[in-house]
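Novice: In order, the protein sequences belong to chains A and B. All the letters of the first sequence, read from the start, carry residue numbers 16 to 236 under the working numbering. All the letters of the second sequence, read from the start, carry residue numbers 16 to 236 under the working numbering.
The reader is advised that the hints may include incorrect statements.
Identical chains blur together in the list; that is why a pair holds if it fits in one copy or across any two.
With a straight-line Cα cutoff of 20 Å, these simulated SDA-like cross-link-like pairs (lysine to any residue) come out [stated by the list, open to error]:
| no. | residue 1 | residue 2 |
| --- | --- | --- |
| 1 | 137 | 229 |
| 2 | 162 | 209 |
| 3 | 137 | 89 |
| 4 | 162 | 82 |
| 5 | 162 | 188 |
| 6 | 137 | 83 |
| 7 | 162 | 187 |
| 8 | 162 | 191 |
Since the hints were derived computationally from the structure, they do not count as laboratory data.
Each chain is listed here by its residues.
2 protein chains.
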Amino acid sequence: MSQPPLSSTPRTALHRGRHRGVHDRDALHAVLDAGRICHLGVIVDDVPRVIPTSYGRIGDTLYVHGSTGARSLREAPGREVCVTVTHLDGIVLGRSVFHHSVNYRSAMIYGTPRRVTDPEEKLAGLRAIVEQLAPGQWDAARPPNRKELAATAVLAIPLDEASVKIRQGPPVDEEEDYSLNVWAGVLPVRQVFDQPVPDPRLRPGIPVPRRIAALAADGEP
Amino acid sequence: MSQPPLSSTPRTALHRGRHRGVHDRDALHAVLDAGRICHLGVIVDDVPRVIPTSYGRIGDTLYVHGSTGARSLREAPGREVCVTVTHLDGIVLGRSVFHHSVNYRSAMIYGTPRRVTDPEEKLAGLRAIVEQLAPGQWDAARPPNRKELAATAVLAIPLDEASVKIRQGPPVDEEEDYSLNVWAGVLPVRQVFDQPVPDPRLRPGIPVPRRIAALAADGEP
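Excised from the complex, chain A in its bound form (with noise of 0.2 Å):
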């Protein structure tokens, strides 16, 4: 249980500030990258709020949407959020209950966002969130006319102020532990990718595009 299993004592640990070196980097948008979804805490009438939502990455840029409407979007601007992407990789077994924990990559990004208002970024952003989701969906799909996008808000989060934690490997345990005669080691986790459901409503004859098809394939999102 290693206190908490995702937050301390990790195999690895980037920390990033300003300025820190290529490898820290890489593994920020390598984290970031591989990510479906983004947990963002914000803070509304003084308690925190944390909001499952997409997001899209454009070089050293974080970008989220939602609704103008959303008052947890429309009080972020101006005001430092959080946002982390988790990936779970691994139950960690060990031979004490203490020593259970998980393999894990995570990036946390603190940030203070930028309400976009120029209508090329806002395009970029959008294209950016939406190609995080589903790759080539962007070219694909009718592109938003102008009602959903004034109706759409975006934000823009600097990756400025981000560390990424990692854990992978075995368990570690007590030295005394070693001789016990409990099982211990590593049960991975993975998303993967099921076949494609076509909606119900689909026109004949549209056949599953090949990069979608791909993704289910190999299993791998």
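Start from chain A and add chain B according to the hints.
Specialist: Okay, now just chain B, sitting in the frame of chain A:
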């Protein structure tokens, strides 16, 4: 991109306040019990912090734990926090980029954590956390000793104020878009367990417990 995919226009939204019906309570328990990690939102220095961590449930109490030295947990008791558990179930591919979305199940809990001091409840809470990660492990592994227990803080969060949001099913497109020559449907996503990986230091002759092997075999975490 339905603004944002994960927090608006859900197909099914169950909002549960105090003393709501059994149906909502069951939905909340089901979402929590199917998860392995949550995202815990706390306020530290007036800034939200979103921490991935493990958790357990006993009845209508959620338990999380951490090092007694962790500031985010030390400061949590007495101040309202938010805990979110999210399952990503599918990528929803609409005929317009605007109606791209995700299928998901999500529980959002607001509550004021109580630091657990009663030794019996503390053990029960820790057991719930370990069992949530890997059922059967509490009895299989060495129990925590006095020193380990002293180093571990356990917080109890009541499930009185919680909401469950679920989106399932195909995209919901604009009526005029159904005639477009664009594939639409859902790309299902799920978590699977792979075959357990023994600790390199595992003593010879200790087999993988059947309950752990079974998790990998059926592929459903």
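Novice: Which of the listed hints are not met by the structure?
Specialist: Violated hints: 1 and 2; rest satisfied.
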